[in-house]
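Protein chains: 2
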Amino acid sequence: MSQIIDIAKQAKKASIPMSALSAKTKNNALKAIANALVKAEAQIIEANTKDLQKAEQEKLAAPLLKRLKFDKNKIKEVVDGIESLIRLAEPVGQTLSATELDNGLELYKVSCPIGVIGVIFESRPDALVQISSLCLKSGNAVLLKGGSEALHTNRILTEIITKASADAGIPQGWLHLLETRSDVNEMLKMDDYIDLIIPRGSNEFVKYIMDNSNIAVLGHADGICHVYVDKEADIDMAVSVAADSKTQYVAVCNAAETLLVHSSIAPKFLPALKEKMDALHVELRGCEKTLKYISVKPASEQDWATEYLDYIWSVKVVDSMDEAIEHINKYGSGHTESIITKDNVAALKFMDLCDSGNVFWNASTRFSDGFRYGLGAEVGISTNKIHARGPVGLEGLLIYKWKLIGNGQIVADYASGKKVFTHKKLDKKFNPS
Amino acid sequence: MSQIIDIAKQAKKASIPMSALSAKTKNNALKAIANALVKAEAQIIEANTKDLQKAEQEKLAAPLLKRLKFDKNKIKEVVDGIESLIRLAEPVGQTLSATELDNGLELYKVSCPIGVIGVIFESRPDALVQISSLCLKSGNAVLLKGGSEALHTNRILTEIITKASADAGIPQGWLHLLETRSDVNEMLKMDDYIDLIIPRGSNEFVKYIMDNSNIAVLGHADGICHVYVDKEADIDMAVSVAADSKTQYVAVCNAAETLLVHSSIAPKFLPALKEKMDALHVELRGCEKTLKYISVKPASEQDWATEYLDYIWSVKVVDSMDEAIEHINKYGSGHTESIITKDNVAALKFMDLCDSGNVFWNASTRFSDGFRYGLGAEVGISTNKIHARGPVGLEGLLIYKWKLIGNGQIVADYASGKKVFTHKKLDKKFNPS
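Sequences listed follow chains A and B, in order. Read in our numbering, the first sequence has 323 at position 323, and its numbers run on one by one without any break. Read in our numbering, the second sequence has 137 at position 137, and its numbers run on one by one without any break.
Careful: at least some of the hints might be erroneous.
For chains that are exact copies, the list does not tell them apart, and a pair is met inside one copy or across any two.
Mimicking DSBU-like on lysine-lysine, the simulated pairs with C-alpha atoms at most 30 Å apart in a straight line are [what the hints assert, rightly or not]:
1) K289 - K50
2) K349 - K268
3) K50 - K31
4) K297 - K424
5) K109 - K429
6) K342 - K189
7) K109 - K424
8) K292 - K163
9) K76 - K419
10) K419 - K330
11) K109 - K428
12) K207 - K9
13) K207 - K12
14) K189 - K207
15) K424 - K74
16) K425 - K109
These aren't lab readings, by the way, just hints derived from the structure by calculation.
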C-alpha cells in the first residue's frame, strides 16, 4: 500500500525538473531509448516469449496473443514511432499569448506539462513504449499499468527505458511500472500526486476508473457512432461510407454501430445497403419501419445503446434530420457521427447539433483517429467535454502557466487610478534575457 | 428529487440549440437582458430590500450585508458588464486549426460550448447576472445556486433574465435557479446532464464539491500564495511588492500568505519588512531563523499550510532558491507565486519550477486576476492542472469539436495504400458554402 504512495510521490518530485528540460535533452533521451531498445532486441524477445508461452498455456484468444506478441517487427515499429516523436516540434514552453498589461508589465501564457499522468492499458506492450515516450516528450512523469499477461515484456521494456533515460539526464523516478490491479486501485486515490488518468481498455474498466477516482480522466467509455443517410444522399456514396464505417475494422471505437436513414430515401437505400451488408456478412437489426423495406431481424430498444464491436448494425428509419440528431444525442456516446448528404444546410446543422467530438460530412466514421487527423502522435480518444475532445495528440498532455514579468508593479497603483492597464496584445514570445 | 433531474434534462436539451445560436441572437439577448434589468430597477431593489431586512434581523456580518446589497449602482455595474461582454468577439465557431487530410478531405477544429454548466456562488447577487450572461455569450446552459440570503433578489433577477432571453429567441430551459443545499447535492449526481461545475465559495465548500461529484470541477480551494525575496532582490521593491501582495486586499485568494526570504538578504530585508508591516498592522509569524533578525511570533508547521485571508503573514528564511521552490511546491496551492530578484537566471528557473498557475517576477501576487490580465471577463480562478489554469476567461466555458468534410472518402482506400494522406496545414476558416 504505502509503496504506491511512495512511487507517486517520487513521480511528483521528478515531474518538477522534468517540466523544465530542454528539447535537446528530451530528444537525446528519446534517441537513447530507441537505440537501447534495438540493442536489447534479444532480451526483449526472450521476455516476450515467456509471456507468450504462459498465455498459450492459459489458452488466451488468438487476437489477444497477436496483440501480446512483441517481435523484431514490433521493435522496429516502436522505434520508428520514437523517431517521428523526436521530429515533432517541442511542445513545452510555447507562448500561447502575450499581453502588455502596462508599460514594463508583460503577461505570457506559456505551455507546460500537466505533471504526473497515470496510464492503464491492456495487453499490447508497444503501448508502454509509445506512452512513456509521449510523456517524456511532453515533460510529464508517468505511472503505467499494463496487462498482466505482458508482465515480463513490460518489465524489460521499463528497465530499458528507465536506464537509457536516466543516463541521458532525465530525472530518476519519472517512470514507474505498476503490476497489479490493487496497485491501480491505490493509484486512483492519489489525487495529491497524480494529475490525470488515461485508461485504455474495455468500457466497463474505463467506467470503473471514472467512478472510482477524484483524478481527472481522459478517455472514452463507449464508442456508439452513427451514420445518418439524409434524404439528399447519393445512394452509392452512402452505401460505400456506411460499409467502411461498419466493417473496415469492427472491433474499434470509431466503427459505426447504428445507421439512421431518412424515410424518404429508405425505400431506395435500404435494399442497396442490405445487398452490400449481406456480401460483407453483416447482420442487420432494423426498427419497425426498416422491416417494411428489407427482411432483417427486429431491433430492440437495447440495440440503440449497444456498442457491438462486431459485424452487427442496427438500422432505424427517421422522418426528419431532427429525429436523427435527437436519436444520436440520446443514445450516442459523443464520439463520432457522419451525415451523408448533398445538402450543405443540412450538413452544417447536423455538425452543429450533434453533441459529439467528431462530426463528419460525407466521410467514414473510421477517420476519427489521431494519426489520420495528422496529429503526429495519439494519446487517446476523448469523449470528455473539457480539456481535450476527440483524438488527442501531445497537446492533451499539456496545460499552461501564466508568467508575469514586471519591475516592481503593485496593484494599489491601479486600484487608486494612479496607473492604468494598457492590455495591448504583444506579438512576441516569452524569452526574457 | 425528481425535480432537479427534470431541470437538468431541460438544460441539456436547451444546450443543443444554444450551441448553434448566432452571435447576433446572443448579443441581442444580452442587450435585451440589460434593458430589462434597468427597466425593473424598482422591483429589483424591492426584492433586495426584503433580503437585506431579513439579513439584518439575522444579524449578518457587515461585509456580507455589503455584498448582498443590490442597489442602483450595482444594477449599473452589471449592465456595464453585459455591455462589455457584448463587445467581446464571438467565442463559438472559431476555427482553431484546419488541415487537409487529402484532396477534398478537410478537417477543422472548431470551438463550441461545453454544454451545461453548474455554478454555485455565495451571497453577491451580481454574480448571478455575470455568470448567466457569460454562459449565454458562450452558448452554454446553466444551473445556478446562489446564497440563500439573496433568495428574493436572485429570484427576480432570474425571472427578468429568463423572460428577456426567451423573448430574444434563446431556448427555454437554458437558465435555472436552484434554491436549496439539497438541490445542489442532487445536481452533483447529474453527470449525465451537467458537464462542468464551477463552485465559488469557501475552501471547505469547494473541497466538498470536488469530493462529492463525478462531474469535472473548475475552481480553486485554497489560495496559499508566496512571495520569495531572492538574494539579488532590490530591498525597497521587495518591501513594496510584499506589502501589496499581503495587504492590498487581504480577504482574497491571490493575497500572499507566506513570505520566503533568502538567508543572505534576510538581515537587511527582514527589519525593513517588519517596519512596513507594523505600519500596516500586519502580524508576522516567523520561522526560527526569522526570529534571529526580527522580534515576531514564532510560526508553527501549521502556518505554512494556512490561508489566513487576514492581516497575518508567515515568514521563513531559506538557504537557497531551491529550498524556496520546494517549500512552495509542498505547501502552496498552485495558485500564484512571485519572486523578487535582479537575477534573470534565477527568475526564469523560479517561474519554470514553481508548479503554480501564475508565476511572477517582480510583481505583486494581486495581479492574478482575469480583469487585470485583460481577459475581458472572468469565469473564475482555477488551480486545476487540466482544461484551464489561473484566471479563466470565456475560453474556460468552451471546448471544440472536429468537423471533417469529404466527398465520400473511406478509410479502406488509405489502409490499402490506394490513397495517401497529405496532412497539409490549411490557412482557412471553417466556412463551407
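Against the structure, the hints come out as follows:
1. Within a single copy, K289 and K50 get their C-alpha atoms no closer than 54 Å, and across copies no closer than 59 Å, so neither meets the 30 Å cut-off.
2. For a Cα distance limit of 30 Å, the shortest separation of K349 from K268 inside one copy, 24 Å, qualifies, whereas the shortest one across copies, 67 Å, does not.
3. Taking the closest pair of Cα atoms, K50 and K31 come within 30 Å of each other only inside a single copy of the chain (28 Å); across copies the shortest separation is 70 Å, beyond that limit.
4. With identical chains, the CA atoms of K297 and K424 are never at most 30 Å apart, being 64 Å at best within one copy and 44 Å at best between copies.
5. When the C-alpha separation of K109 and K429 is checked against a cutoff of 30 Å, the pair qualifies both within a copy, at 10 Å, and between copies, at 24 Å.
6. Taking identical chains as interchangeable, the C-alpha atoms of K342 and K189 are never at most 30 Å apart, the minima being 51 Å within one chain and 42 Å between chains.
7. Taking identical chains as interchangeable, the C-alpha atoms of K109 and K424 lie at most 30 Å apart whether they share a chain (14 Å) or sit on different chains (27 Å).
8. Proximity of K292 to K163 under the C-alpha cut-off of 30 Å is found in neither arrangement, the shortest distances being 65 Å within a copy and 46 Å between copies.
9. In this homomeric assembly, K76 and K419 come within 30 Å of each other (Cα to Cα) only across copies, at 24 Å, whereas the closest approach inside a single copy is 61 Å.
10. Taking the shortest Cα distances, K419 and K330 never come within 30 Å of each other, neither inside one copy (53 Å) nor across copies (35 Å).
11. Proximity of K109 to K428 under the C-alpha cut-off of 30 Å is found in both arrangements, the shortest distances being 11 Å within a copy and 25 Å between copies.
12. Taking CA atoms no more than 30 Å apart as the test, K207 paired with K9 passes in both settings, with 26 Å inside one copy and 22 Å between copies.
13. In this assembly of identical chains, the alpha carbons of K207 and K12 lie at most 30 Å apart whether taken from the same copy (26 Å) or from different copies (21 Å).
14. Proximity of K189 and K207 under a CA criterion of 30 Å is satisfied in both settings, with 16 Å inside one chain copy and 15 Å between copies.
15. Only between protomers do K424 and K74 lie at most 30 Å apart by alpha-carbon distance; the minimum there is 28 Å, versus 52 Å within a single protomer.
16. In this assembly of identical chains, K425 and K109 lie within 30 Å of each other by CA distance both inside one copy and across copies; the values are 12 Å within and 24 Å between.
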